[in-house]
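J.: Assemble the whole structure, with the sequences as input and the hints as a guide.
Counted the way UniProt numbering counts, the sequence shown spans residues 1 to 184.
Do not take every clue at face value.
[Claimed, not checked] Quick list of the computed label-pair ranges, beta carbon to beta carbon:
#  : residue 1 : residue 2 : range
1  : Glu84     : Val131    : 16 to 22 Å
2  : Gln178    : Thr133    : 18 to 24 Å
3  : Ile79     : Arg137    : 33 to 39 Å
4  : Arg42     : Glu14     : 33 to 39 Å
5  : Asp61     : His114    : 35 to 41 Å
6  : Gly130    : Thr31     : 31 to 37 Å
7  : Asp61     : Glu84     : 32 to 38 Å
8  : Ala101    : Gly128    : 20 to 26 Å
9  : His114    : Pro58     : 35 to 41 Å
10 : Thr104    : Thr167    : 15 to 21 Å
[Said to hold, decoys possible] Straight line, CA to CA, 27 Å or less: simulated DSSO-like cross-link-like pairs of lysine-lysine:
#  : residue 1 : residue 2
11 : Lys45     : Lys57
12 : Lys45     : Lys105
13 : Lys56     : Lys45
Derived by calculation from the structure, the hints in this document are not laboratory data. Predicted model only: the values in this text are computed from it and were never measured. Heads up, the beta-carbon is just placed ideally off N, CA and C, and yes, glycines get one too.
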Amino acid sequence: MDAWVDESIRTVGEPMYLLGASITGPESYDTAAEVLTRFAPRGNKLHWRDLGEAGKKPVIDAIPELCLHHVVVIGAPMIDIRQERARGRCFERLLWELDQAGVTKVVFESRTPHQDRTDRRRVDGLRGRGVITGELRAEWRRGAEEPLLWAPDIVLGALGDARVAGTELDARVAASIQEIVISL
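T.: What follows is the structure, given as structure tokens:
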């Protein structure tokens, strides 16, 4: 199984850092990529924050048809803690969960070269401490080039919006999410 990972940060209401993965098997990759690509602006990636309210509904409606499982780690409250420290805490828990679930490849959305190097060191450190096994490989790809990275972006965006607004997430999407809250 493969996992596609993205992040989201909320500063309105209770500040929180969200790190989420969408898990695919080899049989679901092509279908999921095709569905997600239908919603992307030509030549660009699909990004939750760029969708207007009218654009969010059809994308959310499509998420259940992807048949993906999502694991989301929410670090809160993100008060007096830097983003990278919050990411590190969520990163460790997410990778442990993915490793326990039998995921063998994790693809992160690439950020800056420095941030990607920091993440690589995190992966090596988790292996060295025995938090994850050597079976779990990690890669970094640009979001515009990999449609499956858009799935966690959408899920995190919708979940973050619902938490900030104090509303329920669409039940069809919520049913596919394993939500883990850690204290920062």
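J.: The structure should be examined with respect to each hint, and the outcome stated for every one.
T.: Hints and how they fare:
| no. | hint | verdict |
| --- | --- | --- |
| 1 | Glu84 x Val131: 16 to 22 Å | 18 Å, holds |
| 2 | Gln178 x Thr133: 18 to 24 Å | 20 Å, holds |
| 3 | Ile79 x Arg137: 33 to 39 Å | 34 Å, holds |
| 4 | Arg42 x Glu14: 33 to 39 Å | 37 Å, holds |
| 5 | Asp61 x His114: 35 to 41 Å | 38 Å, holds |
| 6 | Gly130 x Thr31: 31 to 37 Å | 36 Å, holds |
| 7 | Asp61 x Glu84: 32 to 38 Å | 35 Å, holds |
| 8 | Ala101 x Gly128: 20 to 26 Å | 21 Å, holds |
| 9 | His114 x Pro58: 35 to 41 Å | 36 Å, holds |
| 10 | Thr104 x Thr167: 15 to 21 Å | 36 Å, violated |
| 11 | Lys45 x Lys57 | 17 Å, holds |
| 12 | Lys45 x Lys105 | 22 Å, holds |
| 13 | Lys56 x Lys45 | 14 Å, holds |
Checked against the numbered hints above, the structure breaks only hint 10 and satisfies the rest.
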